[in-house]
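Colleague: On the provided structure of chain A, position chain B as indicated by the hints.
The lines below spell out each chain.
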Amino acid sequence: MMFRALALFLLLLVNDSVAAGDEDVVIAVNQNFTDNQISRSFARRIFTMKARQWPDGSPVIVFVLPDGSPHHLTFAKEILETFPYKLRSVWDRQVYSGTGQAPREVATIDQMVTNIANTPGAIGYLPREKVDGIKIRFIEVR
Amino acid sequence: MSRIYIAGMISLLSALCPTPSSALEFNDGKVQVHGFASQGIVSSTDNNFYGDSSHNISFDFREIGINASYRPRPDLQFSAQIINLDAGDVSENGLLLDYALVDYTISSTEDRQFGIRLGRVKNPFGLYTTTRDVAFTRPSIVLPQSIYFDKARSLALSSDGVGFYLNKESNFGSINFDLVVGNANVDRGSEATFLRADLPGSMQSEKPSRLMRIMYITPNDRLRIAFTAANIDLEYDARSYEFDPNLAVHLDPKIISAQYSNEKWELTAEYSQMKSSITRSFFPNFNNVIEGYYIQGSYQLTPALQAVVRYDASFNNKSDHSGKKLSAETGLPAHVFFAKDWMVGLRYDVTPTFMVRGEWHHIDGTGWLSTLDNNSDPGAMERRWDMLMLMGSWRF
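So the sequences go chain by chain: A and B.
Take any residue in the first sequence, count from 1 to its spot, add 7: that is its number in the numbering used here.
Take any residue in the second sequence, count from 1 to its spot, add 46: that is its number in the numbering used here.
A portion of the hints provided could be inaccurate.
Quick list of in silico lysine to aspartate or glutamate cross-link-like pairs, DMTMM-like style, CA-CA up to 25 angstroms [as the list claims (entries may be wrong)]:
#1 B/Lys76 / A/Asp74
#2 B/Lys76 / A/Asp99
#3 B/Lys310 / A/Glu88
#4 B/Lys300 / B/Glu156
#5 B/Lys310 / A/Asp99
#6 B/Lys321 / B/Glu337
#7 A/Lys93 / A/Asp139
#8 A/Lys93 / A/Asp74
#9 A/Lys93 / B/Glu309
#10 B/Lys76 / B/Glu156
#11 B/Lys214 / A/Asp31
#12 B/Lys321 / B/Asp283
Listed next, the stretches of chain A that the computed footprint assigns to chain B, with coverage defined by at least 3 CB atoms under 8 angstroms from CB atoms of chain B [what the hints assert, rightly or not]:
#13 67-75
#14 97-107
#15 114-124
To be clear, the hints were calculated from the coordinates, so they are not data collected in a lab.
Even for Gly, the Cβ is constructed at its ideal location relative to N, Cα and C.
Bound-form chain B, shown alone:
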């Protein structure tokens, strides 16, 4: 019932705002309020993604957010965003504080800017992470799961700590550098990704994560290339009655990103490797290199209609693409250790602030499916499956 209510709300709100409405502004534009609301529908042949989608229609795919920013002086900004997400059984319920920060520009000249951010800051991870919950900023309904895995989305999302940024513009193009140091936020989806279940204890950041991204953009704004590297340390605090109390996870993702943009078309590719080591008391340590990449092309058919196609591949072990070795070691089916996803989609901008999207996925492998959505039984998942998604999204 509440699903229908919220979907109704979204269409009502979008009907009320048919004109290009910019943000709500107060105090001569020093205060801006923006927001977004998206409702998705998922139906799949066999496995569940975003709720009970298998041979069914799931409405458990909703993203709502509102933010405010205040810039009392050119060099100072306060901002915060609250979001509510529904992503099947993977998401946390209720309202989440997505970011809350103060941004101070330490020095600024015509061609250079250097500053600091304090608080809960978004992680500039690859091309899309900073605004991954805002459908308008994504190239498709779901991001390529090889790099932007939704089942452990909280890990990459934000850090409680400090961020530094440096932008420099010259005749040779522009360079943007970001560094973030802070504690990662771990949700139950991330816990289940490493433990294969949401266990009674809690997983948290063991020490501050370190993340840096450097991006170069050519002077004509056609090509941007970026490199991201991070170090994340997590620990699992078990309850006293649990069998294996101590568990530490170390991750060091590295991503190379490239995007070529033209007036009508855009070509994007990212490649990532993540060394993951899990240390446990009563089991042998587990070391692995996770590999993922995608290539994606989009074309603007008319000013309001865009087509997108993508091939996205992820492998739990770089040297075991078929998953056979991991399957032999763990007893789990080989298809849980990879996923190869072909996607085609369309985006139609009904107004500048309301759009609808549809996309179809043809997938070999179940690597990025969460056990939380699939009865904690990897054996019951099907290796080859298809998924249709629709989404309506509104923003101001």
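Okay, chain A solo, but in the shape it has when bound:
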């Protein structure tokens, strides 16, 4: 019993420290967005829920994984150059002061795939190999 608890604890520790570091996380969009690039500042404004429309005026629909997800951590640090708790704080300030809305949270990568594929105007992030290039496209941050 003791041993199992200890093994579980160690497993949790390991899980915690293995971020998605080795996996390549990219910004993923619905196929209706045709640009191949996005500026870092626009990406930041989208994921902090400040920019709410695409250049053509259509609504941006933002999907994110839970704060504790390793892919979310990699995305926040490497693509947006911030931290999950800073994003959460920006969303909370807007949600609880009536000045903005929260991104839509999905529980798993598979749900992220389904939602981006089926929602025009959708943006999120995925491991590169999950991007099929047909219903979901990836865009580079320039």
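Modeller: Chain B only, in chain A's frame:
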């Protein structure tokens, strides 16, 4: 009894929602409903804060709120929040309309956004005011009282009027500018702060308050610095039988804020000065510069456990830190004119939507205590005191 009921409700609700639940969403996410509920427990050695806490345990510390927002188009949002607060004798009872506004983005490009808000809008005052009742957005159970004084909380909270915002993002970082013009809402706690009692007449906004904040954030999101300035004019409408019918209060708070954030730790400091002038008919006018500052550090020990430490100091008169001059002028004890507060605390996130906190305060001075909680007798307050607080908070 109702306290136990509400505390029970909170733990029940949090038990029902163990998974990371995002907001309730309707109409393809165009409508979102969010809320929060926090219950605090306060115990102090001598003076009362948030109810009868002195040599006692007070449960009079509760914050409940629910909000809804509707975004029919990318450039238009309607939102409102209702809150119920219990903060000892300082708070108003019942439900309060925290904000109710329409937000219209006048122009939006990839790197810039400009818009207007109409209705009851939150005041972007310093780093924490806009969401000060939401425990998850605070760095500690109570905010640093030097700047976010709870005894007159309504003044800084919201304005009935109009707000403008401008955000600009570039390679050099981002700039956020906010301007709010509107009438401040004055509650009995604020009235008692200026009059030292909740008198029969009522205090209200004499003319619209003006508030502006400019914030700069570096491109790597590590450093944010902000400057806030406001002008607030209040008047007291006395009943005919009161001795001193006319009283006007003018306040002009200014705050400099800085925050440096890293993956594991965050360092925050704010400094404020507020010129306060009180004009009365039968007394000499009273002018004063109130000063306050704090420095706070937090460290993430594990992903779920955070430690925080803070030193927070406030002085009713910038050039009289010991309070002796004001004491001689007013006959009140010197310790009611300052407060120096050392705080250490822990936050444990049980789930992403439920957290518990504990913190201990060691305080010299009674400057930010309300007379409403302390029998209207400053002489009976103790200069040096300690306070332990615990809080459970849930949100969706």
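Colleague: Each hint: holds or not?
Modeller: We went through each hint and held it up to the structure:
1. B/Lys76 / A/Asp74: This hinted pair holds, its Cα atoms lying about 22 angstroms apart.
2. B/Lys76 / A/Asp99: Roughly 17 angstroms separates the two Cα atoms, so the pair holds.
3. B/Lys310 / A/Glu88: holds (15 angstroms)
4. B/Lys300 / B/Glu156: violated (32 angstroms)
5. B/Lys310 / A/Asp99: holds (19 angstroms)
6. B/Lys321 / B/Glu337: holds (9 angstroms)
7. A/Lys93 / A/Asp139: Measuring from Cα to Cα gives roughly 31 angstroms; hence the hint is violated.
8. A/Lys93 / A/Asp74: The given pair, whose Cα atoms are some 10 angstroms apart, holds under the 25 angstroms limit.
9. A/Lys93 / B/Glu309: holds (9 angstroms)
10. B/Lys76 / B/Glu156: holds (22 angstroms)
11. B/Lys214 / A/Asp31: Distance ~30 angstroms between B/Lys214 and A/Asp31 Cα, so the pair is violated.
12. B/Lys321 / B/Asp283: Holds, at about 22 angstroms.
13. 67-75: Check passed, 5 qualifying residues.
14. 97-107: The restraint on the segment 97-107 of chain A holds, since 8 of its residues have a Cβ under 8 angstroms from chain B and three suffice.
15. 114-124: violated (count 1)
Violated hints, listed in ascending order, are 4, 7, 11 and 15; each of the other numbered hints is respected by the structure.
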